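Peer 1: Go ahead and model the full structure; you've got the sequences and the hints to work with.
Number of protein chains: 2
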Amino acid sequence: MSSVLHDLIAAFARIGATPDGGVCRLTATPEDGAARSRLAAEMVHRRLGLHVDAIGNMFGIAALAPSSREAVIVGSHLDSQPTGGRYDGVYGVLAGLLAVEAVALRAAAEPGKARRNLVLANWTNEEGARFQPSLTGSSVFAGTLALDAALALTDGEGQTLGEALGAIGCRGTEDLPLEPRCYVELHVEQGALLEEEGVEIGVVTGCWAARKLSLIFRGEPSHTGPTRMARRRDALRAAARAIELHYQLIEASGSGAHASAARITVYPNSPNVTPSQVQVWFEFRHEEAAMTVALGERFLAGVRTAIEPLGVDIEIAVDERRGTAALDPQGAALTLASARDLGLSAMEMKTIAGHDALALNRRMPASLIFVPSHNGFSHTPAEFTEPAALDKGLAVLTEVLWRRVTDE
Amino acid sequence: MSSVLHDLIAAFARIGATPDGGVCRLTATPEDGAARSRLAAEMVHRRLGLHVDAIGNMFGIAALAPSSREAVIVGSHLDSQPTGGRYDGVYGVLAGLLAVEAVALRAAAEPGKARRNLVLANWTNEEGARFQPSLTGSSVFAGTLALDAALALTDGEGQTLGEALGAIGCRGTEDLPLEPRCYVELHVEQGALLEEEGVEIGVVTGCWAARKLSLIFRGEPSHTGPTRMARRRDALRAAARAIELHYQLIEASGSGAHASAARITVYPNSPNVTPSQVQVWFEFRHEEAAMTVALGERFLAGVRTAIEPLGVDIEIAVDERRGTAALDPQGAALTLASARDLGLSAMEMKTIAGHDALALNRRMPASLIFVPSHNGFSHTPAEFTEPAALDKGLAVLTEVLWRRVTDE
Chain A
103 MSSVLHDLIA AFARIGATPD GGVCRLTATP EDGAARSRLA AEMVHRRLGL HVDAIGNMFG
163 IAALAPSSRE AVIVGSHLDS QPTGGRYDGV YGVLAGLLAV EAVALRAAAE PGKARRNLVL
223 ANWTNEEGAR FQPSLTGSSV FAGTLALDAA LALTDGEGQT LGEALGAIGC RGTEDLPLEP
283 RCYVELHVEQ GALLEEEGVE IGVVTGCWAA RKLSLIFRGE PSHTGPTRMA RRRDALRAAA
343 RAIELHYQLI EASGSGAHAS AARITVYPNS PNVTPSQVQV WFEFRHEEAA MTVALGERFL
403 AGVRTAIEPL GVDIEIAVDE RRGTAALDPQ GAALTLASAR DLGLSAMEMK TIAGHDALAL
463 NRRMPASLIF VPSHNGFSHT PAEFTEPAAL DKGLAVLTEV LWRRVTDE
Chain B
103 MSSVLHDLIA AFARIGATPD GGVCRLTATP EDGAARSRLA AEMVHRRLGL HVDAIGNMFG
163 IAALAPSSRE AVIVGSHLDS QPTGGRYDGV YGVLAGLLAV EAVALRAAAE PGKARRNLVL
223 ANWTNEEGAR FQPSLTGSSV FAGTLALDAA LALTDGEGQT LGEALGAIGC RGTEDLPLEP
283 RCYVELHVEQ GALLEEEGVE IGVVTGCWAA RKLSLIFRGE PSHTGPTRMA RRRDALRAAA
343 RAIELHYQLI EASGSGAHAS AARITVYPNS PNVTPSQVQV WFEFRHEEAA MTVALGERFL
403 AGVRTAIEPL GVDIEIAVDE RRGTAALDPQ GAALTLASAR DLGLSAMEMK TIAGHDALAL
463 NRRMPASLIF VPSHNGFSHT PAEFTEPAAL DKGLAVLTEV LWRRVTDE
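Protein chains in written order, with the working numbering: chain A, 103 to 510; chain B, 103 to 510.
Here are some, though not all, of the chain A residues that point toward chain B, as calculated from beta-carbon distances under 7 Å:
no.	residue
1	Glu346
2	Ile454
3	Thr482
Every beta carbon over 12 Å from chain A, so not counted as near; a handful from chain B, in silico:
no.	residue
4	Ile111
5	Ala113
6	Arg116
7	Gly214
8	Arg217
9	Leu247
10	Ile270
11	Asp277
12	Glu281
13	Thr307
14	Gly308
15	Pro431
16	Ala439
17	Pro467
18	Ala497
Since the hints were made in silico from the structure, they are not lab data. Keep in mind the model is a prediction, meaning the values are calculated, not measured. Glycine residues also receive a C-beta, built at the ideal position from the N, C-alpha and C atoms.
Peer 2: If you want it as C-alpha cells, here you go:
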C-alpha cells in the first residue's frame, strides 16, 4: 500500500475540512489557496518546474526529455463542492504527483527511453460550485472559453474569479512552455457501476450528454399579508411548480435520463414579500444528446403552460448543451492493456459527471480512468474509496504515463 | 397640502433609494442609520427630547405636561423591505413628527390644556426582512420579547441585531422615562379596501390571525450527474412539492385564507449537488385563529404524506401562532369621531398585515389608522398614496393626539 498517497490524501483532507468528515474547498478561497500552496511545495520538493497560468491552472513539469517540446499532461483538480468528499479531484492530482515522480525515477534509471516531458496539472474551478460554468481552467487551456470571460465570472457575492484568484495570489502569468500531446486523468467514479460489477478499473470511452437550463421567473413584489391571492404574481410559486413538473416529466418519459434542480436564488427572499424574481438551474443528462434536447423542449413548453395562470413570465438565462463526446480510443486501449498487464480487471464505461478530461479532449487526445466509489456517494462527506483500490488506480496511471512518454 | 410632509417623505425616500423608485432600508444597515440620524435631527430641530433604548427604539419627547409621568405615544418604523415603497412605516413616523409639532404648538397656545406628554417613536425592525421575527423593537417595549433574545437575532450572514445596531451607533441605553398611556399609529393600508369603498380613513378595530410555519427539509447530498434518481434524497424537490401543495390546499379550502411561502434557504445550493437541506417560511392568515391552526395542521399532514416517497424528513423550526386581537375600542371611537368632525369619511376594518400597534397593544391601549393605498400595492416600489390622502391622515392623527393628551 502506498502510504505516501494515503498520507497525502489525509493531509489535503485537513485543508478545508468540515466537521462531518468532508471537505469544503471552493475555488479561489483561502482553503483553495492553502491546498495550492501545499501542492506547489510537493511539486518543488520533487524537482518539478512550477508554472501558474493566467486562469490559475498550476503545472509541475518533469523535464524527462529536455530536447522535446512535447508533454504528456496528467492532472485533475483541488477545488471541491461545499459538501465535498476527500477524493473527488484531489485523488487524481496526488496520484498524478506520485505517478510523475515514479515515471521520472524510472526514466532516470533507463536513460534515453523518455521521448517527451511529463506535466502534472491542477485545473482551476472544475466543480463550478462558486463560479459557473464548471471546468473553467481546463476549458480556457483547451481554447474553448476565452480567458477574459473566465476571469469575469462572478460568484454569488459579485466577486469575479479574477479578483478571487488575485486575492489568494494564484493568478499567474506563465503559459505552459510545452506542447500538449495527450492528457490522462484518474478519478473516483462518482457512480456505483464498478462496485456493482466487481471491476477494479474503469476505462472511460465517452460521456453522457447534458442540457443545462437556467430559468428566471419574473413576478411582482407584494405584501404577503393583505394582497389578495388572485392579485399576486409569485415567482417562487411558479418556480416550485416548475421543479415538480421537471421531475414528473423525467419519470414519465421512462428515458432513464437523470435530472436535477439544485441551485435557486430568490429575490427579495423576505418572509413578508411575494418573491418577484427567482432563478433555478435545471439539468437534464442522458446517453443521447437528442434526448436531452427533447426533454428540455418538452419541459419548457410544459412550464410555460403550467405557470401562465400565475401571471409569472420566464426568461431563459442559460441554455448550455453538452453533447456526448468520445474520449481518445487509443488511450482507452492503452489503459485496458496496462490494467491487464498489471493483473487488474477493467471495463469500458461512460461518465455521467463532467470532468476536466472532457474539456481538454477538445484540444488533445484525452483519457479518463476510474476507480470504484463506495455506493457511488459523491459530493458528500460519505464519499469513500478503499485505499487498496486507490493504489490500483495509481499503479495503472503510472504504467499508462510511462507508456505515453516512451511510445513512438 | 402640507408641503413639509411631502418634502420630508421625498427626503427620506432618497435614503436607501433603489433605481426603480423604491426604497431598500433594511434594519441596522448604514441606510437605516442615515434615516435614523435624519430623524434625530428633525426631532431635535423641533425641540423634542431624544432617547434611544437598548433595542434601538428612538423616542422624541414633547414635554407638554412636565408634572405628569404619563405619555401618549405615536409612531411607526423607518426600516423597509428590500423591495420597499416610499410610504410603508416612514409615513407614520413623519406624519407623527408633524402631528407632535402641531399638538405642541396648540398646547403652548392653550396653556393648561395638555394633561400629559407626547412622544414620537421609531420602532426597530418592524419589517422582519433582515432579522426574524418582525415587530422586534415594539415587542421588546411591550415586554413580550426579551431584550437579550432580540439582540441575539441573527441575519442571513450570521450578524446579530445587537452587533448591527452597535455598528451604526444606534444601540442606546436610555429607557423611555415616562409611563405609556396609549399608542396611536398612522399607516398606509397595504390592501385595497379603502380605495374600493371610496373611504378616506380606515379605523382598525383588530387584526387577522396568522400561523407562521418554518419547515426544514432534510435530504442527503449527492452528485446531480451519476447518482441514480431513485437513490437521491432531494430536499429542494421536497420543498417545491410542499410549496405547490400549500397553495393547492388554500385554494381548495375555500376559506378565503391568505398564504405565502416567500423565503427559502438552500444548502449547499451548488448546481452539481442534490440539495441536502432546505428551509421554507410558510404563512397562513385568516380572520379566525382556529382556521389558521387547522390549515397548518392539514398542511403538515399533507406534506408528510407527499414527501415521504422522496426520502426527505421535515423538522418544524418555527410554529408561531398569532391570534386575532382587538385594538382599543375607545381609541377607535375617538378616531371615528375625529374623522367625522373633520368632514372625512371613515370606516372600521381589520388589518391583515402586522403592525407595531398590534405588538404594543399587549402593554397599552393601541389604535391604528389607515389611509388608502393605490391598488393595495405594498412591499413594492409601486406603492402609492395620493398626497391629499396623506394630508387627511395627518389631520386625523393630529386631532386624535390632541384629544388624547387633553382628555380626562
